[in-house]
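J.: Once you've looked at the hints, dock chain B against the given chain A.
The chain contents come next:
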Amino acid sequence: MRATVWGCRGSLASPGPETVAFGGNTSCVQLELADGTPVVLDAGTGIRLLGLELARLPRRPIHVVLTHLHLDHLEGLGFFVPLWEPSVEIHVWGPASPVDTLQERIAKYLSPPLFPVQLSEVPSNLIFHDFPDEEFALGSARVLAEPVSHRGPTVGLRIEEHGRTLAYIPDHEPYLGAGPEGVDPEWLSGFSIADGVTVLMHDSQYFEHEYPNHIGWGHSSVDHAVSFAQASGVERLVLFHHDPLHSDDQLRALENRARGLWGANGHAPELAFEGMKLALDTEVGAHSPA
Amino acid sequence: MAQASHKTLPLILAREFASNIATPVTVMDENGRLIFFNEPAEQILGQTQAEVGELAPHEWTRLFRVERLEGGEIPLDDMPVGIAHRQRCPAHDTLAFTTQDGLRHEIEVTAFPLLGREDDYFGVVAIFWELRGE
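Residue numbers (the working numbering), protein chains in the order written: chain A, 1 to 290; chain B, 1 to 134.
Read the hints as simulated data drawn from the structure, not as lab findings. Please read all numbers here as calculations on a predicted model, not as lab measurements. There could be a bad hint or two in this list.
[As the list claims (entries may be wrong)] So, partial list: chain B residues that the calculated Cβ filter (under 10 Å) puts toward chain A:
1. Ser5
2. His6
3. Lys7
4. Thr8
5. Phe36
6. Leu115
7. Gly116
8. Arg117
9. Asp120
[As the list claims (entries may be wrong)] Derived DEER-like restraints, expressed as beta-carbon distance ranges:
10. A:Pro180 <-> B:Ile21: 20 to 30 Å
11. B:Glu42 <-> A:His91: 44 to 54 Å
12. A:Arg142 <-> B:Pro75: 41 to 51 Å
13. A:Tyr109 <-> B:Glu67: 53 to 63 Å
14. A:Glu208 <-> B:His6: 20 to 30 Å
15. B:Glu51 <-> A:Val99: 38 to 48 Å
Note that the Cβ used here is the ideal one computed from N, Cα and C, for glycine as well.
So that you can see chain A by itself, here it is in the shape it has in the complex (with noise of 0.2 Å):
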């Protein structure tokens, strides 16, 4: 399994010239599994370029999975160049509602007056799926999505090829109500999702100093994000969701906390940046932001 990052940044897309190293596009993350099952994880803006790429692949059916429905993990959607391909098979996952289907709710945003086409005129195949509730078959990987903390129906997803996990949790605020310390990990949100991974890409959208007056939007401090990755086990912590409102200097000096936070032991922390490359079959590297 490869992970690519297309887009990292949280909540807006931010491009300008004081995002570049890390880039301005929202979530989303592609996975190319052993079997060359083309996996998309979350639709934010990076899903455009992403297209580009996949459009000129051999057709497969493409997997797009979607943790929650937040606009910056969807609103790419509607400019995925195989959305628009009638030879294309498109499986959309995403978490269940007790309300609507997820096909309606994503109506929502691809119909008027939001977007100018309906939902309904798209020529692709489009088949949508609600996770279930057990651990489920994406070609070559193994997938569990389970709900975590944050803001309206949101899964953190454990994918796992081969004995190598990836846990993709982009949006979580799983100290909500409590600080780190003394929490059971049974207790934890997002627990059973990240349990040992070999990589974890998880939310930290904030500095400490900022989280106070965010409590309860559904997002991570740099400290929360690493107690989390550090009372689950993992392997190696990618931190993911930037604050649009950070610069690429910013960023590093989050960095910097993070592998302050981290301490000595094992593989130091780093930010999502457009680009980055995780290889998870082989020895886990990616080259640094411009």
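T.: Frame of chain A, contents of chain B only:
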């Protein structure tokens, strides 16, 4: 003591909610195990969560001897938490229970089930408070 396992998100959020309010609250899981009660509940129950841990139904009903106000045993299925658990609907009642130190408390209890989509069921939350004399 019942064996602990990783909790579902509704139970985690129920516990955090309970931990941050002054109303006595208990949380049961989908098997009827008493998995959490908050500090205000500890004051009434005369036990701390840390002392007793998670309790299976037969354990907590033995620990907190619950009876009808006028006396007489009340089966678990007839308690508000039992009704909420078994029938998946809210329930309210006035009850009495006796703690380990022999103190008898008269309480009102409201219990409601934590339901998910389709047939998902996560457990029961109960709030309770002591009856006050006129």
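J.: It remains to establish, for every hint, whether it holds in the given structure.
T.: Here is how each hint holds up against the structure:
{"no.": "1", "hint": "Ser5", "in the structure": "holds, 6 Å"}
{"no.": "2", "hint": "His6", "in the structure": "holds, 5 Å"}
{"no.": "3", "hint": "Lys7", "in the structure": "holds, 6 Å"}
{"no.": "4", "hint": "Thr8", "in the structure": "holds, 7 Å"}
{"no.": "5", "hint": "Phe36", "in the structure": "holds, 8 Å"}
{"no.": "6", "hint": "Leu115", "in the structure": "holds, 8 Å"}
{"no.": "7", "hint": "Gly116", "in the structure": "holds, 7 Å"}
{"no.": "8", "hint": "Arg117", "in the structure": "holds, 5 Å"}
{"no.": "9", "hint": "Asp120", "in the structure": "holds, 8 Å"}
{"no.": "10", "hint": "A:Pro180 <-> B:Ile21: 20 to 30 Å", "in the structure": "holds, 21 Å"}
{"no.": "11", "hint": "B:Glu42 <-> A:His91: 44 to 54 Å", "in the structure": "holds, 49 Å"}
{"no.": "12", "hint": "A:Arg142 <-> B:Pro75: 41 to 51 Å", "in the structure": "holds, 43 Å"}
{"no.": "13", "hint": "A:Tyr109 <-> B:Glu67: 53 to 63 Å", "in the structure": "holds, 55 Å"}
{"no.": "14", "hint": "A:Glu208 <-> B:His6: 20 to 30 Å", "in the structure": "holds, 27 Å"}
{"no.": "15", "hint": "B:Glu51 <-> A:Val99: 38 to 48 Å", "in the structure": "holds, 41 Å"}
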